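Take a look at the letters that make up each chain.
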Amino acid sequence: MNVIEADKLTKRYKLYDKPSARLKELFSKRSFHREFTALDSISFSIKKGETLGIIGENGAGKSTLLKILSRTLFPTSGRFTVNGKVSSLLELGSGLHPEFTGIENIYLYGSLLGIDNSLMKEKEAEIIEFSELGDFINYPIKTYSSGMFVRLAFSVATAVDPDILVIDEVLSVGDLHFQKKSTDRTLLFKEKGKTMVFCSHEMYHVARICDRVLWLKNGRIQMEGEPLKVIQEYETYQLAKNSVTPELNTGSASTETEAGGTEKRDAGIEDKSGGDGQKKIFIKKIETSPHQNLRAGSDLRINMEIAAGNNTTPYRIAVKISTVDGLDIIGIGTNKIEPFYGNRKITLLFPKIQLKSGTFIVEAFAFDEEGVYWYDRKEAPPVKIPRESIEIGIVNLPHEWIVD
Amino acid sequence: MNNKLNLLIYFLRKDIKAKYAGSALGILWTFLMPAVQILLLWFVFSAIMKARPYANTNMPYIYFLLSSYFFWLAFSEGLMRASNSIIENTDIVKKISFPNIILPVAVTLSSYLPHLVGFMLFIAAYSFATSFSPVILLVIFIILLQLLFSVGMGMLFSALLPYVRDLGQILSQVLAGLFFLSPIIYSIEAVPGKIKILFQFNPLTYFIISYHKIILLREMPDFFDISIIVLLAAGALACGFYAFNRLKEGFPDVL
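Just so you know, the sequences run in chain order A and B. To convert, note that position 300 of the first sequence is 300 in our numbering; the numbers rise steadily by one, no gaps. To convert, note that position 87 of the second sequence is 491 in our numbering; the numbers rise steadily by one, no gaps.
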């Protein structure tokens, strides 16, 4: 059964330069506004008991969507049905009144959320206990610290037993102790088979909690599906975006972003190849194997073919693996063994590679004997390792747990 | 429905509590301010202008003034505050999904309360000084209709104001006009014939004439006036309700 169904939801904001333009528009046929489309014809549905994660950059339309789901905002067009009581943890605490005591506010907030007083009476003790406010519950909440304030709001909003919980990054309420408690309580909702819509920038949380993930980009659904898959794509996109942005900012003329990025990073090394028009040493080919279906823990081979213009110039090879956002993970060279001469096929083997999920850039460099100048560099097609667990990080380090 | 009532009571309490929180004289202000205005009007019209509300009687001016003045205060304060109720509560209107229409209703009710108390004090003193007549109880009926009229207008303007903020300024001027062009501070009998027509366009006139008739003359109000009052109340409610429901979806966008 679908609890939430959205069909071609669209939300456009009218932007007026000044308030009087809105007035003018009321009395004339002309239009005095520009439009901004926050959500562009979005369709999706959420099954009962499902936890849907919504991810996306700032301005992608996440908040707008959550507000529509919690019915504080109305879509410009499109149909949208909700079966069940929605409790929204957006903007926790708005609606609480500073002059009223904690107890009074419990009831106020309850009625704002549409809960009967009789039900609130049953929940009162639980709410007070969960919020850990103690005696403060009898004081006006203007005397509360901001932590106490959210604790109260969170306790009420989650105590009222909604069918659908809409959450916007509130798994971090209050101090560490309460954060743990609030996270546990949220997870309990999931266990109880409640429907949740969850929005976060914390991919770890999304992967941990959600059954399905919706990636919003510029008001449209960019991708939808299994959390780990969507998150991986999203992370890749974000990393790629991050590594491109600085280039754009500096106004670099380079159209090949990877080349531009590399040159910058290796600026300390002089390019010996240019000038005479002919490279003395060049990397003919670089490929990784297996390229498809590489998984964490399998053997990775990097096969290179080097062509040399003569048999007398010594050279060394180095390989660098980096993340798409330019973080170098490892750089290793052949400087411990004798330099090469002439055409060679060289393979670098990483047995049981301990990289975790992500997209990685593999580059080979042909250096001179001293490892200062480089003759050529070539990049292999990016290596992708699928996300198979929710653990974070780039590499696995050998480890063991020692339990007392 | 039960929940809406809870909400209404909550907003009423909140409104009353918020009004007096932090001021030293607290609830006294509610009575002090009208008292000062009443004294001023009384002084100007009775002592300086020597106004006599009804030409052939010795009706003290203060009775005349107070028989409708509290209702004017309730109406104008109610409408002014109700019209701002959505804007003032931007925070919760934008962030919480609840029947927003309760806001103007609660504010209107809370504006009426102190003035009703003032009116009851007046009626007690008035009955004591003259005599009590059961006809006066008819006032309750008019008050209820006026309250409905106020609520309707409050809904209408509270929904319009977020879209057209200038309306607030205009409204306060219009209210001032309604005050001076209604028989609150002088009797309609004192108005020259040609100008009288202006008064007929003032909805408040019908309420005030009826108050005068019931309280001062102790007569049944005119059927015509009552019909107009019922129409006004029903019309305002219908308009207000319709406009509010049409406009509320845009609140989060315009606020």
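It is worth saying that the hints were derived from the structure and are not from the lab. A hint or two may mislead.
As the list claims (entries may be wrong) - Each pair of labels, with its calculated beta carbon distance range:
| no. | chain 1 | residue 1 | chain 2 | residue 2 | range |
| --- | --- | --- | --- | --- | --- |
| 1 | B | 635 | A | 212 | 29 to 37 Å |
| 2 | B | 578 | A | 138 | 16 to 24 Å |
| 3 | A | 5 | B | 569 | 33 to 41 Å |
| 4 | B | 657 | A | 187 | 51 to 59 Å |
| 5 | B | 495 | A | 132 | 19 to 27 Å |
| 6 | A | 398 | B | 657 | 30 to 38 Å |
| 7 | A | 218 | B | 436 | 40 to 48 Å |
| 8 | A | 7 | B | 634 | 43 to 51 Å |
| 9 | B | 462 | A | 25 | 54 to 62 Å |
Unchecked claim - Example chain A residues on the side facing chain B (calculated, C-beta under 10 Å, incomplete):
| no. | residue |
| --- | --- |
| 10 | 10 |
| 11 | 13 |
| 12 | 14 |
| 13 | 41 |
| 14 | 45 |
| 15 | 70 |
| 16 | 74 |
| 17 | 103 |
| 18 | 107 |
| 19 | 374 |
Computed from a prediction, not measured in an experiment: that's the story for all the values here. Ideal placement from N, C-alpha and C gives every residue a C-beta, glycine not left out.
Do the hints match the structure? See the list:
no. : hint                      : verdict
1   : B:635 / A:212: 29 to 37 Å : 57 Å, violated
2   : B:578 / A:138: 16 to 24 Å : 46 Å, violated
3   : A:5 / B:569: 33 to 41 Å   : 37 Å, holds
4   : B:657 / A:187: 51 to 59 Å : 35 Å, violated
5   : B:495 / A:132: 19 to 27 Å : 26 Å, holds
6   : A:398 / B:657: 30 to 38 Å : 56 Å, violated
7   : A:218 / B:436: 40 to 48 Å : 58 Å, violated
8   : A:7 / B:634: 43 to 51 Å   : 45 Å, holds
9   : B:462 / A:25: 54 to 62 Å  : 59 Å, holds
10  : 10                        : 14 Å, violated
11  : 13                        : 6 Å, holds
12  : 14                        : 7 Å, holds
13  : 41                        : 19 Å, violated
14  : 45                        : 21 Å, violated
15  : 70                        : 6 Å, holds
16  : 74                        : 4 Å, holds
17  : 103                       : 13 Å, violated
18  : 107                       : 7 Å, holds
19  : 374                       : 58 Å, violated
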